[in-house]
Amino acid sequence: MPKVTYIEADGTEHVVDAPEGISAMEAALTNDVPGIDGDCGGQAACATCHVFVDPDWIERTGHADSEVELPMIELSEGVQDNSRLACQIKLTAALDGLILRMPEAQF
Amino acid sequence: MATQALDTSDPYAIPLDKIDVSDPGMYQRDEHWGLFKRLREEDPVHYCADSAYGPYWSITKYHDILEADSNFKAFSSDHGAIALDSERITGATEDATSIASFISMDPPKHDVQRKIVTPAVAPSNIARLEGLMRERTKRILDSVPIGEDFDWVSTVSIELTLMMLANLIDYPLEERAQLKNWSDIISGTPGDGVVESWEQRDRELKIMAGAFLEMREKRRAEEPKSDLISMLAHSPFAQDMSMVDYVANVTTLIVGGNDTTRNSMSGGVLAFHENPGEWAKFKANPDLVDSLVPETIRYQTPVLFMGRLATQDVEMRGKIIRKGDKIAMWYISGNRDEEAIENADSFIIDRERPRQHLSFGFGIHRCLGNRLAEMQLRVLWEEVAKKDWNHIEVLAPPTRSYSNNLRGIDAMPVRIHA
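Order-wise, the sequence lines are chains A and B. In terms of our numbering, the first sequence opens at residue 1 and continues consecutively. In terms of our numbering, the second sequence opens at residue 1001 and continues consecutively.
Worth flagging that the hints you see were computed from the coordinates, not collected in a lab. Check the hints yourself; a few may be wrong.
[Claimed, not checked] Selected chain A positions facing chain B (Cβ under 8 Å, derived; list incomplete): (1) 40; (2) 43; (3) 45; (4) 52; (5) 68; (6) 72; (7) 104; (8) 105; (9) 107.
Built from N, CA and C at the ideal position, the CB exists for glycine as well.
Bound-form chain B, shown alone (with noise of 0.2 Å):
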């Protein structure tokens, strides 16, 4: 599914009613930017009627998206709608593995998913796992060298984000590759490096599911213990849960609670060394850590867009979304509106109001391990600061995931001034 990639250089020599935001080799490229500026100047609510993925809407403003994403009656998450390739949620094959969640339903059977898995990100829960994050980041902060290159991505980023889900699902830590090996074909795209075709991803999936559905066999031969596999073997609520939902659950545990963590750790040093004065800022001021985390959210905008299908005619912007229409709720395009963020292209660590961003969506999809993503992102600025570091010198253009789903870092080298 090759999409013939836009020539970005000038968003506006572009015909309106030409663009497509859908191609993965433009985020890989870090192209968008001037193509969503445009969409929000002049066609914010905007129709592609001829994508790789077949046509749909793109919402790209701030308080659009937020109108959108809480009408959970108009516009609905179930048949793979939140993607642009309904094949990522669904499968290709007949006999695919769904890895469609309570993220992709609709109430009522979307509620019942989500308040089962609640628990084990609620705050009360997450709380007990911030000892043990911040050691883990403690240790390997002590280890990355100085003065010397390395990848910040693979050394810390990763590290820290697979050694949490381990402990969320009590997985082997010594085994933690094998978890970075799902979480990148359950999120990757065919001709991203790991994924060769659906047909492919639809085989390691089945693998993977099967390797979960074991974990749980062995969990509901134990005492209940407190991480979410062993929660939902547990589970009176959960006992009724189907194989495919419980994989599904995993599933959306692993990408939700892994690769966006990953990427805003590693979009924060980005961000830091990009913007001098806010790292003074931050390093004269460590208390800053509360806006600092909610606004390298919003400033990496982790997830680029959800997508849902309207279940009837909706109008916004004077434009008719029919019936049956895909749209993309681009959270990548909202949260650089200037119309709901002053400055909105700046990083600023120390914004008025920087919870109000749309990385999390909004509505009753909203993202459920928000409170733990916040958590190890404190932890680990908390700890950087701690450490006295002049800066960290990123040393060339990070290499970016061909994903227009995700907006990942996959590489980044820096070296680390005492």
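Chain A extracted, bound-state conformation (with noise of 0.2 Å):
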């Protein structure tokens, strides 16, 4: 079970051990974890569970780089380089340890 720290805007941080397979959005939906709305399901088409990949972390999650998530996370407050859609982060051994951080507020 890859393990995910979410670290919201004010540094309150919530491990989370997740079933390989599901989304870092489900995992933060289904562990109640604030800051990650996920309003239109994972269809990376609200980009309401905008979050920052950790540095070290970025080449193992990729960046947004599909055609679907880039035009919308592009519109979100605060884009950064490391910004992604976690419902676009699919969980794996690989990403046991991932680190990922919230904006002040989804948008």
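Dock chain one against chain two, each of which comes alone in its own frame, and use the hints as you go.
In structure tokens, the structure reads:
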């Protein structure tokens, strides 16, 4: 089970053991991690699961380069190079230990 | 452009190919539910060959709408596509004032324009408006009569949303009736009592545009402030914004930030009246406001649909939507799709995933003011909860808007029971 650490904008940490195969958005929602909404249910169509991937992990998660994710994420507030939509990060054993930071607010 | 009213008394008696859901009167009479239910069951991607607006496709199921809404490459918002009547966006006369803002554009121009306006309604900016919103809400709720009949729409919903709009664009509060008038004209339809004809609407919009441009000139002469007009007047990114784009952006904010939330405020009162069990739940646990707000927005569905034009042939559920065809993504139908939302026809304020609804749209055109809308609704219901009223009774069916664009409540008599 990959372990994921979600860090809120105020520094509060939430560590979640997630089953392999689900997304980082679903893992947050099912474990009541605040700061991730996932309004569209995981289609990269609302950008309410915007996260900043820890620089040490961005090579392993990859950048938002899909046809669908990039146009959405570019319209988010405070977008950075390591911005991703958590719904597009599929959790695998290789991502055990992943660290994701949340923006001040989803928008 | 009067539409022949369809007899909707038995939605299953109408030949499928004659089903046309574009009549504004149908929404005024609140008679669309059965037709959409039937379309979802029998013909979820439905072609209407002949309507007052020409041929169009109706997309009626939740996931189909999400898919189409997200696909901005196959479905364009340009050329007045978002409305059934493209005159609404482009105007009807030769030198009409176009209200085609970023909502009516495709990338890349859409992205540039949207990003300029975004800071005005981003969470960081609207947080500073919450205190003011709460103070005004308290004042209005303190002043409404108890045990007497009054109109909730004009007394509460319109007052609160106009106040917020006036603040957002720093417009004199005492002249807010003018904002209401413009808002009604922008979203109006010939025959609704405000708009007489598209030509008359064009003339009114031209006067409005002049007033907006005057405001920008005034702001340019002043120090930068946090209101939207000042932002657009001073932002280095907005310096090159044309007069047309500027006016269109302000216009979009007025409709988007006003009519829709107004109707969700009224719709919430009606939903509670019809569902006393939900009111009891809320009274017992005001913390449910976090799920009440999105549930109200789903249940009301203030924007009935958004339109698009296909830029290529697209297959959906075995039907071929041809390049150039118009589609209408009916949020009002998708939000009641039982395959996506359990007990979709019921108002349930403690749903497990209440935020998963279509009312804000999805994809790059997703409602920019969604956080502002949610904040206004949250403050209203938090303050109502503090009043410790027994209940708000709706005394007669609401007067609904003649519109196939917005799902509006124009008047609703209520009595508050202490």
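Hint check:
Annotation: residue 40 of chain A was flagged as interfacial toward chain B, and the flag holds, the nearest CB pair being 5 Å apart, inside 8 Å. Interface restraint check for residue 43 of chain A: the shortest CB-CB distance to chain B comes to about 6 Å, inside 8 Å, so the restraint holds. Checking residue 45 of chain A against chain B by beta carbon gives a least distance of about 4 Å; that is within 8 Å, so the hint holds. For residue 52 of chain A, the suggested interface contact is broken, since its CB lies about 16 Å from the closest CB of chain B, more than 8 Å.
For the restraint placing residue 68 of chain A at the interface with chain B, the shortest Cβ-Cβ distance is roughly 7 Å, inside the 8 Å limit, so the hint holds. Checking residue 72 of chain A against chain B: minimum C-beta separation of about 7 Å stays under 8 Å; hint holds. Taking 8 Å as the C-beta cut-off, the interface hint given for residue 104 of chain A holds, the closest approach to chain B being about 7 Å. The closest approach between the C-beta of residue 105 of chain A and any C-beta of chain B is roughly 4 Å, which is under the 8 Å cut-off, so the hint is satisfied.
The interface hint given for residue 107 of chain A is met, as the beta carbon of that residue sits about 5 Å from the closest beta carbon of chain B, less than 8 Å.
Against the hints set out earlier in the document, a violation occurs for number 4 only.
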